[in-house]
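Got chain A; can you put chain B on it based on the hints?
Chains as they are written, first to last, in this note's numbering: chain A, 1 to 167; chain B, 1 to 167.
Accuracy of the hints is not assured; some may be wrong.
If chains are identical, the list can't say which one is meant, so a pair holds when it fits in one copy or spans any two.
EDC-like, lysine to aspartate or glutamate: derived pairs with alpha carbons at most 16 Å apart [claimed, not checked]:
| # | residue 1 | residue 2 |
| --- | --- | --- |
| 1 | Lys143 | Asp111 |
| 2 | Lys6 | Glu138 |
| 3 | Lys6 | Glu135 |
| 4 | Lys7 | Glu138 |
| 5 | Lys7 | Glu135 |
| 6 | Lys143 | Asp4 |
| 7 | Lys62 | Glu125 |
| 8 | Lys62 | Glu135 |
| 9 | Lys74 | Asp111 |
| 10 | Lys62 | Asp24 |
| 11 | Lys157 | Glu75 |
| 12 | Lys77 | Asp158 |
| 13 | Lys101 | Glu91 |
| 14 | Lys101 | Asp24 |
Please keep in mind that the hints were generated in silico from the structure rather than gathered at the bench.
Protein chains: 2
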Amino acid sequence: MNNDAKKAVLRMIPYGIYVLTADDGKGNIAAATVNWVTQSAFAPPLVVMGVKADSGTYKIVKAAQVFALNMLGKEQKNLAFTFFRPADVSEGKISGQPFRKGQTGAPILIDAPGAVECRVTAVVEQGDHHIVVGEVVEAHLQKPITGRPDAAILEMKDLGDNVFYGG
Amino acid sequence: MNNDAKKAVLRMIPYGIYVLTADDGKGNIAAATVNWVTQSAFAPPLVVMGVKADSGTYKIVKAAQVFALNMLGKEQKNLAFTFFRPADVSEGKISGQPFRKGQTGAPILIDAPGAVECRVTAVVEQGDHHIVVGEVVEAHLQKPITGRPDAAILEMKDLGDNVFYGG
Chain A
1 MNNDAKKAVL RMIPYGIYVL TADDGKGNIA AATVNWVTQS AFAPPLVVMG
51 VKADSGTYKI VKAAQVFALN MLGKEQKNLA FTFFRPADVS EGKISGQPFR
101 KGQTGAPILI DAPGAVECRV TAVVEQGDHH IVVGEVVEAH LQKPITGRPD
151 AAILEMKDLG DNVFYGG
Chain B
1 MNNDAKKAVL RMIPYGIYVL TADDGKGNIA AATVNWVTQS AFAPPLVVMG
51 VKADSGTYKI VKAAQVFALN MLGKEQKNLA FTFFRPADVS EGKISGQPFR
101 KGQTGAPILI DAPGAVECRV TAVVEQGDHH IVVGEVVEAH LQKPITGRPD
151 AAILEMKDLG DNVFYGG
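With the rest of the complex left out, here is chain A (with noise of 0.2 Å):
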């Protein structure tokens, strides 16, 4: 297989940029900027995500079996970097962000545009990050979308020219 080809043609794939959160009951709490992410099904309405095997953030997901996805918003970029690093719970908010918990328990951001909060119905383990299958129990819209709402989400093409994660 060529590797440049292989690295260019599945940098084709557009993302949006989410964070993913969780709370598993134990005083362990995650919030973390991922964008593999994808719906799989109408009805239910199922949502898949690779996610890091070995990060705390799946740890949490796993143990919890219940997550949320924050979409960010077009002007969210300092939130995608945010949560790039390590998430700091204290005074109440995650890394300085304000959030609840959701129907789920999972923490939903308050400035998110939208969230849907699932419970994980599949897990595949294979590959360095693992498929995490999810049906949506629950959809925030915190914020009113004027216009075509995958025209309102951040995307990791806005993160700078330079900025992937694929390939």
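Same frame as chain A, now just chain B:
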């Protein structure tokens, strides 16, 4: 759950447009426009897609155990709509589009700027679309890309103001 919120928030996920192809070696060739695609791991390189469980395409992918994702270019909106319809193979073309057999036997659309060939490594049979995981075993960059690769791909939002497949 608020269904309007669920639909709007899930529609924030941005999607590229791909023609999923497969050949079962028994005379059945699939070629269908899909968009629920993400990478899920770097090592090995894995991609995940949601494929309609009652479709002929899904049947052929499962039988073949290999498939190709042909990335459409920004100007190939017509091809997206061509492959929304059932594929028709005649005179060495699929629905009028020239192709060649890839290393895995999956059809590679000659006019697509890029394609990856994958070997199925897992299927998660959940939902009205099932989750197919594929390891990328070959990649084809058929046209040089200038700028970001994720700016060169045709996106769902390019297909029309009210064209969605998600929510």
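Report task. Enumerate the violated hints, using their earlier numbering and listing them in ascending order. Result -> none
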